[in-house]
Amino acid sequence: TALADMLKEHEQVSLVCDDIYEHIYWGQDALENMLQVAPQLRERTVLVNGVSKAYAMTGWRIGYAAGPAHVVTAMRKVQSQSTSNPCSISQAAAVAALNGPQDGIVAMTEAFRQRHDFVVHQLNAMDGVSCLPADGAFYALPSFEAVIERHPSAADDVELAGILLEEAEVALVPGTAFGIPGHLRLSYATSMDNLRAAMDRLADFVAGC
1 TALADMLKEH EQVSLVCDDI YEHIYWGQDA LENMLQVAPQ LRERTVLVNG
51 VSKAYAMTGW RIGYAAGPAH VVTAMRKVQS QSTSNPCSIS QAAAVAALNG
101 PQDGIVAMTE AFRQRHDFVV HQLNAMDGVS CLPADGAFYA LPSFEAVIER
151 HPSAADDVEL AGILLEEAEV ALVPGTAFGI PGHLRLSYAT SMDNLRAAMD
201 RLADFVAGC
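The opening residue of the sequence shown carries number 1 in the working numbering; numbering runs sequentially from there.
Honestly, I wouldn't trust all of these hints.
[Claimed, not checked] Straight-line C-alpha distance at most 25 Å; calculated DMTMM-like pairs for lysine to aspartate or glutamate:
no., residue 1, residue 2
1, 77, 32
2, 77, 19
3, 77, 18
Note that these hints are calculated values from the structure, not bench results.
All of these numbers come straight from a predicted model, not from anything done at the bench.
Please model the entire structure based on the sequences and the hints provided.
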């Protein structure tokens with residue numbers, strides 16, 4: 001609401017509201033996008049979404065947008081000259097996913113929440129690692145700053161990510177890529193068996209630093 005109040009005073013600013021994770025959410029507060037909070041911003045807001053996350057259709061490459069007609073028309077002109085269209089099979093599958101039973105989303109979100117709880121707990125049990133809990137999606141972005149400080153060969157998160165890949169055989173993405181150096185991002189969109197193995201390897205590595 002505070003952000004919306006500020007934007008009302010700057011009519012030259014357009015908004016893009018990314019709702020791709022709207023269904024993978026387990027927070028206590030209601031999940032609202034900008035237009036639900038400030039419908040008066042409708043004429044300069046574009047909502048973007050897709051089936052990649054909620055319906056586990058990442059490889060199908062189907063997204064969609066909603067916004068003012070003149071903006072969407074211009075978007076279509078640019079898109080048609082820069083990328084080819086998604087195939088008809090993917091489009092039909094996306095329609096079936098969006099219009100069909102939604103029970104699977106509930107089960108998948110609960111599985112992600114359980115994996116989240118496990119991963120965050122395991123990370124926070126490691127000496128020098130700190131991870132805040134999330135309200136949704138399937139990523140953790142723990143701080144490894146203390147580990148970097150005491151590791152003899154890792155000057156930053158980029159180097160630590162490379163060392164972890166080589167020595168612990170766990171692939172993490174440097175937080176520098178997301179504007180938060182000293183952190184590493186990991187995805188828990190995999191099985192609990194894989195996550196247990198990864199957490200054990202990380203714990204052994206951190207304990208040995």
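task: Starting from residue 77, check that the Cα of residue 18 is at most 25 Å away, please.
output: holds (21 Å)
query: Holds or violated: residue 77 with residue 32, Cα cutoff 25 Å?
result: violated (30 Å)
query: Holds or violated: are the alpha carbons of residue 77 and residue 19 at most 25 Å from each other?
result: At roughly 23 Å apart (the allowed maximum being 25 Å), residue 19 and residue 77 satisfy the hint.
The structure does not agree with numbered hint 1 stated previously, though it agrees with all others.
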